[in-house]
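Turn these sequences into a full structure, and let the hints steer you where they fit.
Residue numbers (this note's numbering), protein chains in the order written: chain V, 1 to 101; chain W, 1001 to 1631; chain R, 2001 to 2514; chain L, 3001 to 3176.
It should be emphasised that the hints constitute simulated quantities derived from the structure, not laboratory data. Please read these numbers as outputs of a predicted model, since none were measured by experiment. Positions of the beta carbon are idealized from the N, C-alpha and C atoms, including for glycine. A few of these clues could be false.
Stated by the list, open to error - When the alpha-carbon atoms are kept at most 27 Å apart in a straight line, the in silico BS3-like pairs for lysine-lysine are as follows: (1) Lys1451/W x Lys1366/W; (2) Lys1575/W x Lys2360/R; (3) Lys2055/R x Lys1159/W.
Unchecked claim - Partner residues aside, some chain W positions facing chain L, computed with beta carbon under 7 Å: (4) Gly1405; (5) Met1613; (6) Val1619.
What the hints assert, rightly or not - So the derived label-pair ranges between C-beta atoms look like this: (7) Pro2071/R x Ala3106/L: 19 to 29 Å; (8) Glu3086/L x Thr1598/W: 21 to 31 Å; (9) Gly2059/R x Val1064/W: 40 to 50 Å; (10) Asp98/V x Ala2459/R: 51 to 61 Å; (11) Ala1597/W x Ile3009/L: 52 to 62 Å.
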Amino acid sequence: MEVTAGWYMSLAALLFIIGAGGMLIRRNALMMFMSIELMLNSVNLTFVAAGKELGSLDGQLAVFFVLVVAAAEVVVGLAIIVSVFQHRSSASADELSDLRG
Amino acid sequence: MTDFIWLVLALPAAGAVFLHFFGKRLGEPAAGWVASLLVSAAFVYAVLAAVPFFQGTAHPESVVLWSWMPAIGAEFAIRWDPLSSLMTLVVTGVGALIHFYAIGYMHGDPRFSRFFTYMNLFATGMLTLVLADNFAMLFLGWEAVGLCSYLLISFWFTKPSAAAAGKKAFIVNRIGDFGFMIALMIILTQFGTLSFDVLDDPHLGLTTGLATAVGLLMLVGAAGKSAQIPLYVWLPDAMEGPTPVSALIHAATMVTAGVYLVARNAAIYEMAPIAATTVATVGALTALWAATIAIAQKDIKAVLAYSTVSQLGYMFIGVGSTAYVAGMFHFMTHAFFKALLFLGAGSVIHAMSDEQNMDKMGGLAKHMPVTATTMGIATLAIAGVPPLAGFWSKDEILGSAFNQGGWMVVLWGIGLLTAGITAFYMTRQFVMVFLGKPRWDDGIHPHESPKTMTVPLMALAALTVGGGFLNTPFRTGLERYLEPSFETVEGAIGMAHPAEGSTAWILAGVAVLAGLLGIYLAYRLYAGPEERRERVLQRFARPIFTWENAYWVDRFYGKTIVLPGKAVAGWAAFKFDLGFIDGIVNGVAGVVKRFGATVRPLQTGFVRNYGVMLAAGSVGLLIWFLSRGGL
Amino acid sequence: MTFPILASLILTPVAAALVVALVPNRRSELHLPLGITLSMIPLALAGWLFFAFEKGVAGYQYTQQAWWYEPWGMSWHVGVDGISLALVALTALLVPISLAASTSIVDRTKLFVVFMLILEAGLIGVFLALDMILFFLFFEVVLVPMYFIIGVWGGERRIYAAYKFFLYTALGSALMLAGIIALAFFHRDQAGLLSFDYQELLNLQLSDNAQLWLFGAFGLAFAIKVPIFPLHTWLPDAHVEAPTAGSVMLAGVLLKLGTYGFIRFNLGLFPQATVDLVPVMATLAVIGILYGAYVAIVQPDLKKLVAYSSVSHLGFIVLGTFALTQAAVEGAVIQMVNHGITTGVLFLMVGMIYERRHTKKIADFGGIWQVAPWFSGVFLFTAFASIGLPGLNGFVGEFMVLMGSYSTLPVAAILGAFGVVLAAIYLLWAYERVFTGPITIEENREVADLNVRELSLLAPLVALMLVLGLYPNIVLDRVSPSVEAVLDRMEATTTYVVPEPGPLFDVLGGGQGE
Amino acid sequence: MVELVLFVILGAVAIFGALSVVFAKNPVYGAMGLMMTLFSLAVFYVMHLAHLVAAVQIIVYAGAVMTLFLFVIMLIGVDRDEDTSEKLPMQRQLVAGLGLVVVLIAGVAVVGGRFDWVRPATSTIEVNGTVQEAGLALFTDWILPFEATSLLLIIAAAGAIALAYYGPRRRDREDA
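See below:
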């Protein structure tokens, strides 16, 4: 049985759904962040798989850029989390509901 | 001379500007002298410029100064013809005398120089009015004198009644201007210009119907300015102003602007007999109406105010019955004797320490002989006693009206009745003020007025005596003088002329008799024993009470126009505008706001809630796309 | 290349704003004088432009065009004709004066001056723009500083007023934007290319129906700005709450955006719709004239009274615009300038008396003339200019509008003329209550007369009232050919015929432009 | 055959790791789970001849990023179990429902067979993501985005520093 790109895509989709679910279920801002990383990675997987399927290097390069962006995002995001934690002594996203209408 | 005719305008204008900025520094008598001399200079120049008209050698001329509103054919241009020169001469001549008089009268007023600023400004405005070569410029003068009238009536603005009177005068005049402006709209639309050139041949643009409309609308304007029914109510109130103002503006010059307007537009009225007849009818009614009111007035100036309204009615009868020369003639003589009466009244008021109630006067002839004599002359003149000025002009108007026949004879009858009443109330005034026993309040010591005041009185008295001879049936000087101005009218239909021959003598005799009867009755009543007076007045108590209150017209206007007007305005401003219109605006805003409040709870503030919604939306889109793709 | 005078006119206020912004806050006493001084530059430029402008030429002068985004046909395109010239000059004149009248603003002066200068740039830009997008841009730019001027330095209900002003006008201009885009697409349909250029769009052949819709889209935006009854209720609120300088700019120039827009765009771009809608617009104009004046009579607040009088005066402008005769449209244009000057002065003076007494209620005054004769005199002078006394500027516009309107809109002209009567009533009655009579309230004894600063900033405007009243040709000479061009286009593109002047029209050489 | 085995094993590991991110009570376990997933993915990348990406995945993600995460976890002292009970009404049900719907759609699509996963490969070129290959592409065709990322990183670093420096505590200090 040959492992086609579709298999990888399905796996990526599954990971994405799990990541999205985690994002919505976890209250800890840190864990939400990790869920986002999960989603990013699942997309990376599709990029690589599709790149191979299409015979193009561009897929991998896109992954490269995603990685850079993710790194930058993590740096700022974590700084924000730390800063918020210092302020509120909690990393729960539910407590940050000041913008309630 | 004609090229520099603008000097007539410029001299008082320069005076107004100069006095506005430097009047206070000039101090009390100097500012008055500057103003008076400038007006006199204008008078002298006008006389010189009018010489060709006296000689009958000149033709009307126009001098264009500069362009004003080219799109409607309005420019600053002066028309120098006999009609405007006559007006100019009277305005500057009588004006100068009143200016001199005012130097004495306004003595000691803290705003002495300001008074003369306004007076010079008024002279400028009035001269603009009479010298204008187009309707726009005429309107400029028309409104400028309205402004000065406002300023001078409310000169003593700390008195609420004075401030209110000034405002009332301006607003009532504005109502008249409303009609005037519509007339101008018609003229502009029909001719494409507002120049007086339209009067050369009004048939070019006007049908009889339009001419009638224009004539009637101009009558509205003229009625406002010349205080005719139904817009006369401002003039009695205008007596709040200083007496020289009443003399200059509200007797001699400004109020006659309406007469001038009709005379100037003679060509149009010739086309519209209905309009002309209406003018005469309004004049006649006003003459009688105001004369009756004057009978019962106690205020010395109020009598003169209603008398002015009444006399203006006469002028309207004159110009309305197409006897333009007669109308202008009466304007001129009236300027002399009415200015004299007002100045005399001012002299009396001055002497009585600002007392105006005639019940508290009496016996003044001894103390102020000059004033009494000159006022006596004026009283006889206005009563139509020959050979004083009033007799000639009034006789000419009545004669012309009678000569027209038809409806005009009725107006003649009214005029005759009015002449009798006029003689009555003027005699009553003279007797109450100057004869009989003193009825003064304590502490009043009447004295003759200073020279600056009495000299103008004497000058005017001389004019009152001699002015009538300018145009007698025997020697029609004024008529020939004015001829160039009314040439076209004369050529088209022909103006009314007084009756001639024996009819003329009979008419004149009847008029004089009416006047003498009035004088006799008044003298008997007011100079006679007190018990008889009381008895007679008692019998006529009801009409006298009505007259004393001027038929309650002011109250009637107040109840029917002013009060409801204010009420509706209040409703519009506070109920309709704030409530309804703004209510709709705020209502729309309110609906949006309420909608916002309804959906507001959706924004829970929980990021994860938003996340779920976002995910649900994505899934929804996914389903939609896939189903569109044929899944 | 010639000196880009128009671009300089728009950009110098911006540069001035930057310079003022660079002055640190601790030197706040410098901001206002600096702003006044710098705003003299656009005034000088405008003055030069006014006199360098070639009279008797109908087209745009000093035009300048540079592509902004060519594929969409958007460009920086500016030019000046007689109509815009008058308004640019007015704007440049009013800004330094209203700044100079703002000494009572001590809080956040820098921001205030910067906003005023940006406002000036926006206003001048609106009048000079010949590209629809550019026009729209400036049209909106104007809103922002005005919003803050009302909202930050205004009176008690300033937030409400600022919101109302902003939302109301923004709502209208949103529709206009849709209209502008529609025009560009019509241009693509007909000429193959998108274009927002006003002069290009003039060549469009629009169906009657399209014209009606677009007239509505543009007209609503302008009608709100003017404001035309019944869209006027933002105006009294905005005026009453705005600081003096804000009121002056609002009444003096901002309202003219609407009337200018009508003449420039509605008459120019949608001639058929204009002709078709003349009865509607004339009716609304007359209602505005009478209603505004009538409501003004009973206003208890001096500033509100002046605000409603603006509604009335602007009604004359709208009436003149849609009367579509040479005299009436010329009158409308000069009335824009005149109203800017007279109402500007009235607002300045209301502001001055507010600074003295901290009230604007008419009932709180009385007998002011005794203690402040100069103040009362100038106020009376201005009031009479506003009433339309011949010889002063207010008369020229009103008179030309009324006289010119009669041939096409007789009923409207007659009814409008009654507004002149009402004007006398509301202003003189208010004057009577404020300035004449005895002093009944003790505080009024302390009211100081005009000081030298106030007098000197009112003097040029007062002088202008007299000059424009006696010799309006300074403006009319420049305006007249442009107006004629508008009407010629009207005649060329529709069946409308400007009524023939009467048989004596040429007696005075009254024809225009020859 | 080898690929299939690897896919099944590593796929299971990746999913397990992912689920532990979602359900682990202790964040540290969650982080470890994520690390497992990342490793599995790295292996997948190698299988796709994406050598550079795989290396970067390990070095940057598993190395730097996850370290940072753990650092922060330690810093804010969450080395204890957290309360994972749900406060928001219906949140979990909704999430589960949405997940199910997506899976269902995917299932329908697959079973229905009317949906192509990927367009058939148009190329048979074997892509070899060596450092040379990738570097060549990065510094030629992709040079502009590449440089842009450097800018992004610097800004991010500056932002992080700023957040740390002007954080709430610092402000407190200034107030005092």
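Evaluation of the provided hints:
With a C-alpha separation of about 18 Å, the suggested pair Lys1451/W and Lys1366/W falls inside the 27 Å cut-off, and the hint holds. Straight-line distance between C-alpha atoms of Lys1575/W and Lys2360/R comes to about 22 Å, which keeps the hinted pair within the 27 Å bound. The straight-line distance between the Cα atoms of Lys2055/R and Lys1159/W is roughly 51 Å, outside the 27 Å bound, and the hint therefore fails. Interface hint at Gly1405/W: violated, since its Cβ lies 104 Å from the closest Cβ of chain L, which is beyond the 7 Å cut-off.
Annotation: interface hint on Met1613/W violated; nearest CB of chain L at approximately 9 Å, more than 7 Å. Proximity of Val1619/W to chain L holds as hinted, the smallest CB-CB distance being about 6 Å (cut-off 7 Å). A hinted range of 19 to 29 Å for the beta carbons of Pro2071/R and Ala3106/L is inconsistent with their spacing of about 42 Å. Our hint of 21 to 31 Å for Glu3086/L and Thr1598/W holds, since their Cβ atoms are close to 27 Å apart.
Our hint of 40 to 50 Å for Gly2059/R and Val1064/W is violated, since their Cβ atoms are close to 31 Å apart. The beta-carbon spacing between Asp98/V and Ala2459/R, approximately 55 Å, falls within the hinted interval of 51 to 61 Å. Between Ala1597/W and Ile3009/L, the C-beta spacing of about 56 Å keeps the proposed range 52 to 62 Å intact.
Hint check: violations occur at hints 3, 4, 5, 7 and 9; the rest are consistent with the structure.
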